[in-house]
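Chains as they are written, first to last, in my numbering: chain A, 1 to 647; chain B, 1001 to 1258; chain C, 2001 to 2253.
None of these hints come from the bench; they were simulated from the model. Please note: incorrect hints may appear among the correct ones.
Distance condition first, Cα-Cα at most 20 Å in a straight line; then the derived SDA-like pairs of lysine to any residue [stated by the list, open to error]:
(1) K2170(C) <-> T1108(B)
(2) K2170(C) <-> I1114(B)
(3) K2170(C) <-> Y1094(B)
Here are the chains, one letter per residue:
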Amino acid sequence: MKLDSKIPAGPLSEKWSNHKFKMKLVNPSNRRKYHVIVVGSGLAGGAAAASLGEMGYKVSCFCYQDSPRRAHSIAAQGGINAAKNYQNDGDSVHRLFYDTVKGGDYRAREANVYRLAEVSSAIIDQCVAQGVPFAREYGGLLANRSFGGAQVARTFYARGQTGQQLLLGAYSALSRQIGLGQVKMYNRHEMLDVVKVDGHAKGIIARNLVTGQIERHAGDCVVIATGGYGNVFFLSTNAQGCNVTAAYRSYKRGAAFANPCFTQIHPTCIPVHGDQQSKLTLMSESLRNDGRIWVPNDTETAKKLRTGSMNPNDVPEDARDYFLERKYPSFGNLAPRDISSRAAKEACDAGLGVASTGLGVYLDFRDAIKRDGEQTIKERYGNLFDMYQCITGDNPYQVPMMIYPAVHYTMGGVWVDYNLETTIPGLFAAGEANFSDHGANRLGASALMQGLADGYFVLPYTIGNYLGEQGIAAAGKVTTDAPEFDAVEKDVRDRTERLLAIKGKTSARTFHKRLGDLIWEYCGMARSKEGLEKAIAEIQALREEFWRDVRVPGEADELNPELERAGRVADFLEFGELMCRDALMRDESCGGHFRVEHQTEDGEAKRDDINFSFVGVWEFKGENVEPALHREALDFEVAKPSVRSYK
Amino acid sequence: MSALSAIFTTTIGRKVIMALTGIVLVLFVLGHMAGNLLIFVGPDAINAYAYQLHSMPAALLWAIRLFLLVCAGLHIWMAVLLTIASRRARPQSYQQEATVQASYASRTMRMSGIILLAFIVFHIAHYTARIVPGMEYDQSLVEVPLVQGGEVVLKSSGVPVMTFDVHTMMVQGFQVWWVSLFYLIAVGLLCMHLSHGFSSMFQTLGLRNRIWEVRLNRAGLAYGWLIFLGFASIPLAVMAGMIQADPSSSIALVELLK
Amino acid sequence: MKLTLKVWRQKNNQTLGRLETYVLEEVSEDSSFLEMLDILNEQLIADGQTPVAFDHDCREGICGMCSLTINGIPHGPDGGTTVCQLHMRRFNDGDTITIEPWRARPFPIIKDLVTDRSSFDHIMQAGGFISVRTGSAIDANEIPVPKPVADYAMDAAACIGCGACVAACKNASAMLFTSAKVAQLNSLPQGKPEKDRRVLAMVNAMDEAGFGSCTNYGECSAVCPKEIPLDMIAKLNRDYIVAQTKSIFTKVG
Chain A
1 MKLDSKIPAG PLSEKWSNHK FKMKLVNPSN RRKYHVIVVG SGLAGGAAAA
51 SLGEMGYKVS CFCYQDSPRR AHSIAAQGGI NAAKNYQNDG DSVHRLFYDT
101 VKGGDYRARE ANVYRLAEVS SAIIDQCVAQ GVPFAREYGG LLANRSFGGA
151 QVARTFYARG QTGQQLLLGA YSALSRQIGL GQVKMYNRHE MLDVVKVDGH
201 AKGIIARNLV TGQIERHAGD CVVIATGGYG NVFFLSTNAQ GCNVTAAYRS
251 YKRGAAFANP CFTQIHPTCI PVHGDQQSKL TLMSESLRND GRIWVPNDTE
301 TAKKLRTGSM NPNDVPEDAR DYFLERKYPS FGNLAPRDIS SRAAKEACDA
351 GLGVASTGLG VYLDFRDAIK RDGEQTIKER YGNLFDMYQC ITGDNPYQVP
401 MMIYPAVHYT MGGVWVDYNL ETTIPGLFAA GEANFSDHGA NRLGASALMQ
451 GLADGYFVLP YTIGNYLGEQ GIAAAGKVTT DAPEFDAVEK DVRDRTERLL
501 AIKGKTSART FHKRLGDLIW EYCGMARSKE GLEKAIAEIQ ALREEFWRDV
551 RVPGEADELN PELERAGRVA DFLEFGELMC RDALMRDESC GGHFRVEHQT
601 EDGEAKRDDI NFSFVGVWEF KGENVEPALH REALDFEVAK PSVRSYK
Chain B
1001 MSALSAIFTT TIGRKVIMAL TGIVLVLFVL GHMAGNLLIF VGPDAINAYA
1051 YQLHSMPAAL LWAIRLFLLV CAGLHIWMAV LLTIASRRAR PQSYQQEATV
1101 QASYASRTMR MSGIILLAFI VFHIAHYTAR IVPGMEYDQS LVEVPLVQGG
1151 EVVLKSSGVP VMTFDVHTMM VQGFQVWWVS LFYLIAVGLL CMHLSHGFSS
1201 MFQTLGLRNR IWEVRLNRAG LAYGWLIFLG FASIPLAVMA GMIQADPSSS
1251 IALVELLK
Chain C
2001 MKLTLKVWRQ KNNQTLGRLE TYVLEEVSED SSFLEMLDIL NEQLIADGQT
2051 PVAFDHDCRE GICGMCSLTI NGIPHGPDGG TTVCQLHMRR FNDGDTITIE
2101 PWRARPFPII KDLVTDRSSF DHIMQAGGFI SVRTGSAIDA NEIPVPKPVA
2151 DYAMDAAACI GCGACVAACK NASAMLFTSA KVAQLNSLPQ GKPEKDRRVL
2201 AMVNAMDEAG FGSCTNYGEC SAVCPKEIPL DMIAKLNRDY IVAQTKSIFT
2251 KVG
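Produce the complete structure using the sequences and hints provided.
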């Protein structure tokens, strides 16, 4: 496998403009002859499907939910970054680019990140024109707030529902194209495989989740915008249905997978309450502006707090350890996500954790309430406090909140070149599903920006380029009658039948949970060589047990959520191993990837730029065969790597 | 779809017809009540009022009657169509029903409407057409001299102008206990129907927002009560003997009120 | 805590359904309502029975996928929340809970508690958008939007399209859903050019789908997880009347 990132020549700031000029175009009257398949209807997929439909291409769009409006982009709270510099505080495309590369701990591709920063302004224009109700000042102009990892206020927001509003904007554009007949929407469909004809992606096999029918869909190219794989951890802030299947099956058909071990753990989530939990809920990072994070000094007090025999408010000041303020005096409670998460884990590992499980730290508003009054705090965080009380039953105005880190986002993904094309020609990956822009750690409010950049402003050009290169003669050539479809459809059917035929004793959910426990333990916030090796062996054993003992009730030809789950868990069971392999290979610490072997004296991540300044790209080599590693070297011409310090 | 057909076929169009006809009916009810309350002023006043209504040109009188009838008819017809559509929209009902906040009045609009319709038919038959079987209509009561400003109005020929003796007719009617009871129940339902219908009208016509929602709900309730008390006071007064067929008693009452 | 569940079971749209009774012995009061159903399903799978199909996804109250009527109330007894945000501590040990799907003709049942809500998508496809091509937008600050207007639009835009309004309405009306989108887009300056066309098209699509009419019960708003107020419906009515009146004199869409 040869990796060609196709980064255009020339100065960073001119690469995209030059590239746009050099790319092939498709004549408007010819566009209707091409059929583009878009899998996923979130910010990236929805925006791409709508934009391509608008341009005149025939588009089919697929989502597993009952409506494209429900894609998990909807859950993003905080906001979206853009280098508008409306605040006159020194923001620029270059600064946004620089912050993003630095925030990603110098493991992202400069050219892609620069393009992201470059199109960020157009995204805001587009969304406002669509009717996205961003927050505004009394003068009628757009409001901004600041977010982690930046010293300028460049984040646009719509209350705490920015992701929802942006998604509904893309959904409305998509709906318009569906109404016009340009886009055909397939709700409740799950892509189960990609079909290659002459080496190019020319279609997918999808399961109609309502009827259970296995369907063939042929097209001139395929886009997967199927989100991240955070659910490999079982418990995450992702939606229940989020899965790695589309990306992983593409990987098995030849699309290389990049940096799978780069996952983001968000520090402020509500702690796990017990065995019956299915989902972790994020509390906005903004709480750390006023809340103070602490654990008790000694394990005895911690034990009393865990069992409830002591009230946290009774812990005297000198028995409290405000560990973020102690370790990172200049950033304090606002230290970046990866660093704050690790510090909380360390405290809990030392037996100082609170919450009944011992996995929790306090986020205390006592001092803020004393300083500013309860009313002010209510105005700032009222809805978050209510949400917390609704979930935990505790009143955060009276007792400190408890928080614990949780998996939130995955920076790794399908490897793509500058055109967002994977190593399978004609197969594109966009949004969280690809790996390209966030390196080893994503900054807040950048995920929405990337999804929409890919969907609105990158794919419409690069897909045209691909189709133009193929030539009009190739348009619509491949139909579902091609023998390649027979073979892939058979694989999909066999797999489904196999799952149903096992009739074992254990539910797919149980396997998923066990896998999640393993990944969280060994490939979570702190990773080690021994742990990862152990995890790989245990995942293999678990996988073997799964294929022997899973119980999938029901039939293939009906709505069968357990069958859907089993298929997804089966892929996670393979993918989890790939993730651990990547973490094992990456013998350095960077961003969200923390190898305990590589830390500074005071426990900070220690990057190894000499040996690991590359993208780890994995090529599938066969079932139960070790994948092959390829390295895409990262060159930093403009943003020179430096040590990230938040002391 | 043309605007005209849209108003009769779309859900919102039909609701608009209900709201517009509702306004007419709401105002009619108010006027009707004001007229009826003249009974407290005395037999001459209410009889004079009746005279004025009847002395309108027949064409105008019938035009008004027809207009009211069309409004009531449209109101009912649209309600029937909308109800059928709404029933069809939920072919299978919940095994366990619950209501979170809908008022009793709003949930019983259809039932209160149907009972009101029955009452209106009876009411017209009773007092306007005077054809209710079993009721005794004393024909001698029909005509009394018209009195205005305390003086009998005379034609140029010197003969007194005669008019319907509405006063006695009402009193006699309400002295029948079941008539009064039915009347009270009907105006009670009317109050409920109005208390929801009043603010609903504004909602349907789009003339309501968050601030006015509360105000209009209150106004609707107040309006319903006003209509109820106004109408109910008459049979109650009759039953209590405060208004009697004997004109002298009503004059006495007028004196009393002064 | 111990619970008795009466759950609507229906194999598919062609068969009749009925309530089945299940008993759950140990449910943590910290569990969410959907986690309680997960427990039920694990129990059913272990017993060799078919688990209950129900829609759910984000489990944080924003995707709008979850759609259960609990003891007759869509999304359950708490106001302003979705089922996934409902926690078992809201119930008592020994309670009997009836769980039914959304019931409306435009939301046919697919299986058990899962319904097909694509009629909502059809309403959106008719006019729930501002026609703007990708890349053709003017600068975002070119058109100032007064803060109260932006806030009002955001109140309307908060709708998650779950369909609880239809499920709760005694007429199975979709007015609150439709009005929320119309109110959002029609109130913003960007949405004004196709204001009349939008409202006419969306109301037609709503009627064609077979939803009932609005009789101002207010149940929709009372169960709405995002507490969309009833004045959105007044706004829809107003815009509809204006558009229809205009259409008598001129072409609107």
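Going through the hints against the structure:
no.	hint	verdict
1	K2170(C) <-> T1108(B)	12 Å, holds
2	K2170(C) <-> I1114(B)	18 Å, holds
3	K2170(C) <-> Y1094(B)	10 Å, holds
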